[in-house]
Amino acid sequence: MQPIRLLYVCLVTAFCLTAPAVASAQDDPQALRKEVDQLKADFETLRQGYAERLAALEARLAAMPAAAPEGAQVPQAPAAAAGSSKVFNPDISVIGNFAGAAGDNPLSDQPALSLSEVEAAFQAVVDPYARADFFLSASPEGLEVEEANITFTSLPAGLLLKVGKMRAQFGKVNAMHTHILPWTDRPLVLHNLFGGDEGVSDSGASLSKLIPNRFMFLDAIGEVYLGASDVFHSEARSELNYLGRLRGYRDLTEGTNLDLGVSFAHGPSALSPGFDAQRIGMDATFRYRPLRRAIYRQLVGRAEGVWSREELVSGLQQHSSGFYGSVDYQFARRWFAGVRGDRSGRPLDDLHDSGGSLSLTFRPSEFSLIRGQYRRTHYGEDVTADELLFQLNFSIGAHGAHPF
Amino acid sequence: MLLTSALIGLAVGPCQAAVRVVATTEDLASLAREVGGDKVTVVGLAKGYQDPHFVDPKPSFILEVSRADLLIVVGRELEIGWLPPLITSSRNSKIQVGGNGYLDASANVKILEIPTGQITRAMGDVHPQGNPHYWLDPANGRRIAQTIKDKLSQLSPADRAYFDQRYADFDKRLAAAESRWDAAMAPYKGTKVVTYHRSWPNFMERFGLNVMGYVEPKPGIPPTTSHTVDLIDEMKKGAVKLIVVEPYFDLKTPQAITKQTGGEVLVLAPSVGGSKEATDYIGLFDYDVSTVVAALKRTTGK
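As given, the protein sequences belong to chains V and Y, one line each in that order. In this text, residue positions in the first sequence follow our numbering: the first is 1, and each later residue adds one. In this text, residue positions in the second sequence follow our numbering: the first is 1001, and each later residue adds one.
Relax, there's no trap hidden among the hints.
Label-pair distances were calculated between CB atoms; the ranges are:
#1 V:D386 <-> Y:P1115: 45 to 51 Å
#2 Y:D1233 <-> V:G158: 57 to 63 Å
#3 V:L143 <-> Y:Q1260: 53 to 59 Å
#4 Y:K1302 <-> V:R333: 34 to 40 Å
#5 V:G103 <-> Y:E1113: 45 to 51 Å
#6 Y:G1098 <-> V:E141: 37 to 43 Å
#7 Y:E1234 <-> V:R297: 29 to 35 Å
Example chain V residues on the side facing chain Y (calculated, C-beta under 8 Å, incomplete):
#8 V125
#9 S154
#10 L155
#11 R292
#12 H399
Keeping only pairs whose Cα atoms sit at most 16 Å apart, straight-line, the calculated EDC-like set for lysine to aspartate or glutamate is:
#13 V:K165 <-> V:D133
#14 V:K172 <-> V:D328
#15 Y:K1192 <-> Y:E1205
#16 V:K165 <-> V:E198
#17 Y:K1047 <-> V:E254
#18 Y:K1218 <-> V:E366
#19 Y:K1192 <-> Y:E1264
#20 Y:K1218 <-> Y:D1230
#21 Y:K1094 <-> V:D127
#22 Y:K1047 <-> V:D251
#23 Y:K1218 <-> Y:E1113
#24 V:K209 <-> V:D219
FYI, nobody ran anything at the bench for these hints, they're computed from the structure. Even for Gly, the Cβ is constructed at its ideal location relative to N, Cα and C.
One chain only, chain V, in its complex shape:
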């Protein structure tokens, strides 16, 4: 009731201060009385208004959720006392990838031992409309921005827009960072026809839309890139790299699902300057993960094919293609085994490479893995390489999302 008491005091004081002036100005007692009555009425209206507002406030307070129960420990943001700059720091993680190779391969430049990549990730919400993700990659070749983009999450019409530098959504494997690949290397077909060891990551924009339908998750993606990769290279502002992808997904049962995609990319060729290049890709992924045993068993079968078209000289085109197929099986909580078959042409000649791999992965925890891979490759130059590849992957910092 304190606000009302205060209001009384203010009004009475105001009345006392103004009363003599009113009296002197208006000597007619009836007019004076009328004025006082008016003031009283105004005051009563005000009092009632405040009383109603106070009652409404009290009702709202009573309706609010109960305070934290006795003994409850609702944690405070740890850095709250240290200033807002720390509270708003992004999630930070650092991932190291140590790689090794044994065996002869005259066509590979992979060293016997190397810290092949250190990736630092910074991820946070920008504002109510967007989030940002930065991935910096340091390797023996130097430091580069692998991805740095903003994703607008609140667009109308079910659109999702990503702008910045990002991995192109071509097929399944190109969009994967090295540390979440199920192998120590990228399949031959992607190595030969879509971006080498690193894949295609470029500056541009990606717009995707879910296509509503009764049967499946259907996502249509359109992307435009500068054209600064190992596949597409632009030398003029008017020359850009365009990419489209349609992805369909459906749960077959509670523990199995099928993921299908078709991708198309067109742009100025990086391999045959002055001409355009095209790539068409198809991918299929089958997953089996029984929910009750999800931490012990899963099987993922993947297949991906890529067709390439390059123009060597005016009117002379080179068509190449390739594919890989793989199966990875988790047979214990921390153990995974995999097999992969590869075959791929090369973009600028008729040579074909083929190969196969067997891999074994041990994951001590979610934050590290040790992988060994036997790889046999038969190159178009009639060279066969048998190699043992090794990978140690480790991460610190914020807990990232599980790959899917």
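Got chain V sorted already, so can you dock chain Y onto it with the hints?
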């Protein structure tokens, strides 16, 4: 005439659309159904018999989240490995973190095991904001239901009285069930048990059981031989006869332990749907309490 009425009905559609709720677990989904009744449609993402830490962020979940008016999450980083990509990919501004349709159910509950001091991954997969399995205390279930009721009333003010009435009814049934559970568990207060993972601190504290060890050496780290040997020693010394296991963990190690120590391995439902009997939130405790009581009767003779 009938055809005209039907066409008009189709054109007009339902008077008021139900609030579309997506909950990350079946427990939250069950509480939302209790409070929301027929004014809501509810979908739960993780099943009660799967490990809620390891859920695949499937595109079919993106579709569910994209259509939601309200997303209810357990929070405390339980879903950190799978929920963020679903939210980002949902294209749904309502349920983005901080949005009006995003509800962290842990806001007003009693949280246990909040780590203090330096936290590192050497401690296993610890949750820096405390143990996220808090729904396994019915008092917290009541608080979650109240939080959901307030949020639903905010999203659909015209149905406030309906949600209030549903909540009051749930509260009454829960209170009656709590008396039942407390009476059944009372003879076993202070009994020592072992659990596989740290999923049960709220349940055990609520019903007066004393957790003296874990099959996992550290949260999220699979059993090791040395830890198992130590645990067997401890259990023998403390005459511990019960190992509580979630339905998604391998029973091999717990069974090997009870072979040495005597006693039983007990698979409880950590969530609604974790067993076929646990069909809703109250049913979850009915099942777990009756299963524990039956096992304690056998092992303690009380």
